[in-house]
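Chains as they are written, first to last, in our numbering: chain A, 1 to 323; chain B, 1 to 317.
Fair warning: there could be bad hints in the mix.
Claimed, not checked - Partial selection, computed: residues in chain A whose CB lies under 10 Å from chain B:
no., residue
1, Ala66
2, Ser103
3, Gln115
4, Tyr154
5, His156
Unchecked claim - When the alpha-carbon atoms are kept at most 16 Å apart in a straight line, the in silico EDC-like pairs for lysine to aspartate or glutamate are as follows:
no., chain 1, residue 1, chain 2, residue 2
6, B, Lys215, A, Asp226
7, A, Lys204, A, Asp226
8, B, Lys233, A, Glu114
9, B, Lys97, B, Asp133
10, B, Lys233, B, Glu208
11, B, Lys215, B, Asp234
Honestly, the hints are just simulated from the structure, not real lab data. Positions of the beta carbon are idealized from the N, C-alpha and C atoms, including for glycine.
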Amino acid sequence: MATVNDAGPVFQIENLNVHYGAGRQRLNAVNGLSLTIGAGQTVAIVGESGSGKSSAAMALVNGLAANGEWDADRIVFQGQEISRQELMRLRGRAITYMMQDPSSALNPVLTIGEQIKRVLKYHTSLSSAEREDQAIELMERVEIPDAASRLNAYPHEFSGGMQQRIVLAIALAPSPVLLIADEPTTGLDVTVEAQIYALLERLKRELTMSVVLVAHDLGVVATSADEALVLYAGKVVESGSVASLFRRPRHPYTLGLLRCAHDLHEKNVLNPIPGRIPGLGERPHGCVFHPRCAWKTDECEAADPELIQLDGQSVACIHHENL
Amino acid sequence: MSLLKYIGRRFVSAIPTLILITFLSFGLLYITPGGPVEALAGMFGTPEQKVRIRQELGLDDPVHVQYLRWIKGVFSGDFGEMIVMAPGTPIAEMLRKPLITTFWLTVAGALVALTVGLTIGALSAIKPNSWLDSLSRVTSIATYSIPDFWLAIILLFVFGVIFRYRWAISGKIDFSRNVVFSLQSLILPAIALGLAKAGIVARITRGELYDVQNKPFIQFERVMGLPNRIVIKDMLHNGILPIVTVLGYTIGLIFRGTFLVEVVFGTPGIGLFLVRAAKTQEYALLQTLVLVIGTVFILMNLLTDILYGVLDPRVRT
Numbered sequence: 001m002a003t004v005n006d007a008g009p010v011f012q013i014e015n016l017n018v019h020y021g022a023g024r025q026r027l028n029a030v031n032g033l034s035l036t037i038g039a040g041q042t043v044a045i046v047g048e049s050g051s052g053k054s055s056a057a058m059a060l061v062n063g064l065a066a067n068g069e070w071d072a073d074r075i076v077f078q079g080q081e082i083s084r085q086e087l088m089r090l091r092g093r094a095i096t097y098m099m100q101d102p103s104s105a106l107n108p109v110l111t112i113g114e115q116i117k118r119v120l121k122y123h124t125s126l127s128s129a130e131r132e133d134q135a136i137e138l139m140e141r142v143e144i145p146d147a148a149s150r151l152n153a154y155p156h157e158f159s160g161g162m163q164q165r166i167v168l169a170i171a172l173a174p175s176p177v178l179l180i181a182d183e184p185t186t187g188l189d190v191t192v193e194a195q196i197y198a199l200l201e202r203l204k205r206e207l208t209m210s211v212v213l214v215a216h217d218l219g220v221v222a223t224s225a226d227e228a229l230v231l232y233a234g235k236v237v238e239s240g241s242v243a244s245l246f247r248r249p250r251h252p253y254t255l256g257l258l259r260c261a262h263d264l265h266e267k268n269v270l271n272p273i274p275g276r277i278p279g280l281g282e283r284p285h286g287c288v289f290h291p292r293c294a295w296k297t298d299e300c301e302a303a304d305p306e307l308i309q310l311d312g313q314s315v316a317c318i319h320h321e322n323l
Numbered sequence: 001m002s003l004l005k006y007i008g009r010r011f012v013s014a015i016p017t018l019i020l021i022t023f024l025s026f027g028l029l030y031i032t033p034g035g036p037v038e039a040l041a042g043m044f045g046t047p048e049q050k051v052r053i054r055q056e057l058g059l060d061d062p063v064h065v066q067y068l069r070w071i072k073g074v075f076s077g078d079f080g081e082m083i084v085m086a087p088g089t090p091i092a093e094m095l096r097k098p099l100i101t102t103f104w105l106t107v108a109g110a111l112v113a114l115t116v117g118l119t120i121g122a123l124s125a126i127k128p129n130s131w132l133d134s135l136s137r138v139t140s141i142a143t144y145s146i147p148d149f150w151l152a153i154i155l156l157f158v159f160g161v162i163f164r165y166r167w168a169i170s171g172k173i174d175f176s177r178n179v180v181f182s183l184q185s186l187i188l189p190a191i192a193l194g195l196a197k198a199g200i201v202a203r204i205t206r207g208e209l210y211d212v213q214n215k216p217f218i219q220f221e222r223v224m225g226l227p228n229r230i231v232i233k234d235m236l237h238n239g240i241l242p243i244v245t246v247l248g249y250t251i252g253l254i255f256r257g258t259f260l261v262e263v264v265f266g267t268p269g270i271g272l273f274l275v276r277a278a279k280t281q282e283y284a285l286l287q288t289l290v291l292v293i294g295t296v297f298i299l300m301n302l303l304t305d306i307l308y309g310v311l312d313p314r315v316r317t
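Please build the complete structure, drawing on both the sequences and the hints.
Now the structure itself:
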């Protein structure tokens with residue numbers, strides 16, 4: 001594994017924008033997201049469906065759909081500023097991506113051994129025999145029982161939880177410095193979900209890897225992330241350490257999300273945020289959250305609030321003191 | 001290992017259908033009006049003559065004895081003899097050349113359908129909503145609705161009657177004798193047979209290859225930085241699976257289409273033969289043809305199943 005530069009962050013991106021072309025229109029999915037991640041840290045990108053969190057994650061590995069494009073002001077990897085092309089060369093090697101839905105993330109016509117081994121073939125200098133051993137070791141690392149004999153099995157012969165472990169094994173094969181995990185437990189049982197997160201946590205520590213975790217489940221974020229960015233309609237509305245964010249949310253949206261989770265847990269009632277997230281073409285003027293916000297004033301409709309630095313967190317709300 | 005087992009199981013499962021087909025073709029003798037005796041004795045045959053013919057043909061034996069005798073002959077390549085058109089000639093010998101002709105027609109038609117269909121389908125998938133895609137969408141619906149024999153008539157009319165091209169003439173196909181004439185004989189029938197099916201192949205190819213680009217596992221391969229050629233290979237492998245399913249079916253349809261197309265062009269294949277056999281009540285010949293056609297369809301389906309099993313591990317289990 002590459003040596004980690006202790007002085008600076010492992011990865012940093014400033015002012016990331018993602019947009020999709022739809023006919024003559026250009027629809028912004030992510031607006032000005034900045035993210036800094038230190039060695040061995042987990043940064044979560046939190047938001048509802050449609051908030052742009054998956055677009056942001058996909059942009060980092062240049063895996064956007066054909067009509068998607070992204071740009072950023074600055075990309076820093078292990079203390080060095082790099083270009084887009086250099087970032088592209090890192091993907092699949094130093095930066096890998098873990099797919100969302102394990103049931104569709106594996107090629108159904110190839111054995112899992114082949115799928116792990118060819119990543120090793122293109123991204124490491126191991127010999128054919130070494131790749132075989134390494135593939136078994138990777139499968140043991142993600143706790144697949146009977147690894148050696150299951151190398152020749154096809155994806156459909158595994159359960160969803162096992163499939164996601166295989167996806168993780170593939171993502172870990174090139175010994176990445178940064179792993180981007182996009183809601184890695186979609187479609188899995190709660191118990192299996194917990195196992196996958198525990199495994200991810202353990203491997204992260206063992207391999208001193210940094211993780212960008214895309215999630216909508218605040219419980220998961222609270223237990224496995226160090227920092228979090230709350231994304232709403234393509235904009236970061238609040239960010240900071242998970243501890244301070246959860247103790248004292250400063251943005252009405254974060255507060256709403258926490259209340260949803262908290263009330264369901266404590267009182268068994270659901271306390272949803274009224275309204276719904278605006279679609280790509282219907283982002284409101286001013287603060288993106290104002291149509292659903294209880295603290296809304298005329299100023300909120302007039303101008304888009306900047307991220308304000310407070311101790312431990314930043315928030316994009318002019319009323320943050322009133323919360 | 002499991003692939004061999006799968007292939008074995010497919011073969012075994014084809015056997016009952018094959019047996020059913022022998023029943024059907026044998027039964028033809030009994031369920032159609034007339035019968036060989038009438039055909040042989042003609043309109044003016046005396047009752048005594050008919051009795052003699054029945055005895056000679058063994059028609060007075062119990063049905064199962066007759067069936068077993070017939071099926072024994074089939075397995076040793078003896079399908080009976082011609083009685084009306086060319087009395088005494090073994091059926092197997094009569095059918096050899098028409099079968100070769102129909103075989104080449106089917107191959108040529110399938111080649112046209114596949115090359116045109118796969119090419120246009122792939123090009124449309126690469127550039128969705130381009131003019132080619134739109135054109136292929138419209139024409140595929142059109143060709144899908146056009147019967148092949150109608151297309152054959154139009155082609156013959158345009159190239160044979162109006163332009164009077166020599167190559168529009170179709171005849172006996174025998175590559176061991178006359179290669180040029182054989183090839184020439186294939187041109188128009190192959191176009192008629194192939195184009196009518198190319199549309200459906202093109203649309204399915206387009207749909208599958210387009211969809212597969214956005215499959216999560218393809219996306220995963222891309223973001224894992226695998227080389228482009230590997231990703232494209234995997235896209236083709238996965239995209240081709242549903243196309244294989246229609247392949248056997250399409251070739252079966254083309255084979256069936258040859259019968260009427262042969263009649264239009266006067267190509268001496270088994271289609272033209274079948275029509276004549278029915279007209280002259282050549283029963284042994286009809287039986288054999290039904291058996292052959294049925295068997296070809298079963299083999300096509302068997303081949304499709306096996307090919308699918310080779311390409312997709314999921315169907316093997």
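Against the structure, the hints come out as follows:
no.	hint	in the structure
1	Ala66	8 Å, holds
2	Ser103	9 Å, holds
3	Gln115	9 Å, holds
4	Tyr154	4 Å, holds
5	His156	5 Å, holds
6	B:Lys215 <-> A:Asp226	32 Å, violated
7	A:Lys204 <-> A:Asp226	13 Å, holds
8	B:Lys233 <-> A:Glu114	14 Å, holds
9	B:Lys97 <-> B:Asp133	41 Å, violated
10	B:Lys233 <-> B:Glu208	14 Å, holds
11	B:Lys215 <-> B:Asp234	11 Å, holds
In summary, the structure is inconsistent with hints 6 and 9 from the numbered list given earlier, while agreeing with the others.
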